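Residues per chain are reported as follows:
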Amino acid sequence: MTVQIDNAGRQRHLLDLQTLPVDRLDALLRRAQAFASGAQAPQALAGVAVCTLFFEPSTRTRLSFQLAAQRLGAHILNFDASTSSATKGETDLDTFRNIQAMGVRGFVVRHKGDGAVAALAAEADAGTAVVNAGDGRSHHPTQGLLDMLTLRQAKGDDFSKLKVVIVGDLKHSRVARSDLHALRALGCGEIRVCGPQSLLPDDDTLQGCVVTHDFDAALDGVDALMMLRLQRERMTEGLVESLEDYHRDYGLTTQRLGRAKADAIVMHPGPMNRGVEITDAVADGAQSWVLRQVSNGVAVRMAALEAVLSAVE
Amino acid sequence: MTVQIDNAGRQRHLLDLQTLPVDRLDALLRRAQAFASGAQAPQALAGVAVCTLFFEPSTRTRLSFQLAAQRLGAHILNFDASTSSATKGETDLDTFRNIQAMGVRGFVVRHKGDGAVAALAAEADAGTAVVNAGDGRSHHPTQGLLDMLTLRQAKGDDFSKLKVVIVGDLKHSRVARSDLHALRALGCGEIRVCGPQSLLPDDDTLQGCVVTHDFDAALDGVDALMMLRLQRERMTEGLVESLEDYHRDYGLTTQRLGRAKADAIVMHPGPMNRGVEITDAVADGAQSWVLRQVSNGVAVRMAALEAVLSAVE
Amino acid sequence: MTVQIDNAGRQRHLLDLQTLPVDRLDALLRRAQAFASGAQAPQALAGVAVCTLFFEPSTRTRLSFQLAAQRLGAHILNFDASTSSATKGETDLDTFRNIQAMGVRGFVVRHKGDGAVAALAAEADAGTAVVNAGDGRSHHPTQGLLDMLTLRQAKGDDFSKLKVVIVGDLKHSRVARSDLHALRALGCGEIRVCGPQSLLPDDDTLQGCVVTHDFDAALDGVDALMMLRLQRERMTEGLVESLEDYHRDYGLTTQRLGRAKADAIVMHPGPMNRGVEITDAVADGAQSWVLRQVSNGVAVRMAALEAVLSAVE
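Residue numbers (this note's numbering), protein chains in the order written: chain A, -5 to 307; chain B, -5 to 307; chain C, -5 to 307.
Worth flagging that the hints you see were computed from the coordinates, not collected in a lab.
Quick caveat, the model's predicted, so the values are computed rather than measured.
Cβ coordinates follow ideal geometry from the N, Cα and C atoms, glycine included.
Covered stretches of chain A, going by a simulated chain B footprint (3 or more residues, C-beta under 8 Å):
1. 259 to 270
2. 286 to 295
The calculated lysine to any residue pairs, modelled on SDA-like cross-linking and capped at a C-alpha distance of 20 Å, are:
3. K82/C with D274/B
4. K82/B with P51/A
5. K82/B with Q225/A
6. K82/C with R228/B
7. K255/C with A275/C
Listed next, with one range per pair, are the computed distances between beta-carbon atoms:
8. S192/A with Q37/C: 58 to 64 Å
9. L87/A with G3/B: 56 to 62 Å
10. A33/C with I(-1)/A: 32 to 38 Å
11. R226/A with G3/B: 44 to 50 Å
12. D197/B with Q191/A: 56 to 62 Å
13. T248/B with G3/C: 39 to 45 Å
14. H207/C with E238/B: 50 to 56 Å
This is chain A alone, in the form it adopts within the complex (with noise of 0.2 Å):
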């Protein structure tokens, strides 16, 4: 397993929130508080390059690091590696030996491959920091830890009366997953799961969770919803049946809603399903705190860069 914190208690990388203790998490989460009420530090990476490596391509997570980086004085650069004609059949590897060779200090890496990003991170210089934005089903640390800042700023730092339900294609999701991972560490109260079983996972991701097929009933007198985005080939691999099918059992309407305590909030990670897992009502009401995630976003990856970049060398 890759070290996220050094010997000397420095972070080194950010890969998951799955191994990252507890306290390391609280101080990403103060920091990115602190951002996002308008501290500044433009200077905080000056000088510093920072690449944004992406063999999965996702315009949105490369902008938010772009914004993030940008804020600290870094000098950002981009690879596409999703595309054959930029890697010429090397290896993941050599790629990234490569363009750390050209003095890049900051890796903003996704993979479709789990685990991928923390074995480039494991090959890394000493001078080298790499930030997980996405491997496989597995890891997506800044999504988990923006999750949890709009979180806390609905509900504050105290979790432990909370009850949270996820509800959708947690099988297949890393942004799950790395809710769950945080949500644990944080001490939620009660953290229920709610899908068809074709979406929920077999192994032990769900440990803890109280899990349910019926909506309704995983709505009942929660504080907060996390819906996740079904992505459309899970039509064609057979495990949905239909949009309609999906949307009439676990599509989040105002009705559906009104189950969960009347302050409860409605998150999303984004790109949103309209009509599918969520109505234009409830992602546009006053309910939902989807554009705050976008937000908060951002603060988390400065925190992040500013964590493991300022902790080497």
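Position chains B and C against the provided structure of chain A, taking the given hints into account.
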């Protein structure tokens, strides 16, 4: 209709020249001329994030805006929304709102749908400004402005004695429509339009213009020629017989240019189809102001970005 | 021939190493070494706009130039002219002139056509500088420079006693041609070239070189090995039988490397085809200077950009 000037008299957005008060148009042109003459404002937008959000690709216009924003000290981001993988099926408005939530304050938006840019601007937060980089066949205000700036540089600020001819595919051209609005607003003495019937609009676009299909007649004694690009798809649509025919009837040659005033200037929004709407000799000749237009484009975009982004908040 | 050094003795462009006076080559190498050793010039190109204009894609080289330009304080723009939608059928020269008219002063140009970059440079305005980032099979001057810088770091500045071998597809390689020009200019003691007959040029490219098809013999007592990438298209063109055959005859293994001097260094311009022209053991071994080459690439490009852009105006 989305407001460009707010109640306090500040320019909120730049969406079209049609509804822009003439004193604003003039103010933008004067500021652009200052930039063209070497004025600098390297800190005007320091720390402000500007995103080029193109739902229809255009490398050239994007580059021009990027240069303009960089010279004002802004942070630049690019979101190429013309590929479905970038938007993953989300609505244009969700894409816009997401990037806005990240803290981007300035948007440079291009869209193939008429009115689509103004529609996004209508949903913008109070602190967010939108510059229309072209929507459908409707508006391309910065192109209209740069054409006016070029005309002023060549012919002075008083347009009342000028005879200007616009030649080619006016029907599908937002450039032509923006030029027409601007020429009228600035009191151009005589506006002629010329092209095959199939490429001329049949609505009130050409109100007040002298319309002709005879290119030679249209050129007689004009001060300026605005040549339009002939999109090759007009052939497949059957609107134009062949490139050869088009060139014979509406291609600008040195000989034809002789019918215009001796000091007439030739303009083209680019990219040029050499040998179709314009010959090499004219494109590269002494009367060509094509590259000056390109230079003016950066100055105009600096003025536009400065106007809308120093106006907000 | 486009002039690289103007009448006042300033370096206008960097187009090739073939016609670059050796004192200039040496000056660039010495400045690059200073950058490689930590010299900084963060304001050298402050406010100067540099555009990477690639008519043939290359993410790696583009990234290296971008990093170099950023470290000198330049504004960076990218124009990927390898897709037709970007250029919309306009000529390369019009594309170049357009971006120049926007105020870009530095161009980093790659093109698949031999001489195409010099042709654009010949049309550049007085205040515009062009750096050739690779044209056809002809020139790749910054690669040649970075290879020389690497050789100097490993073997000292006096090349008169050195034996260097270049291995592989020299016929299609601008890297090899630039290396050959530089090695000759710097007085390399013995230049050997080795590859199958089908991949060796039959013109005067190899003048003064010891040519052999026997890889083992070619390695005897050499100080440095420059391995070339085998493009997979050479198979489909029938120039190489199979990857296996090529590896058997010209693949660098640890055993073969033993024929070179004990302190011989191994170089490769990347990206490497591991298992084809080079084995993992050699690529990652103690004698590999491949990543140092990449690092030196940024230093060399800083020196090149600084030289041509502080020379103009």
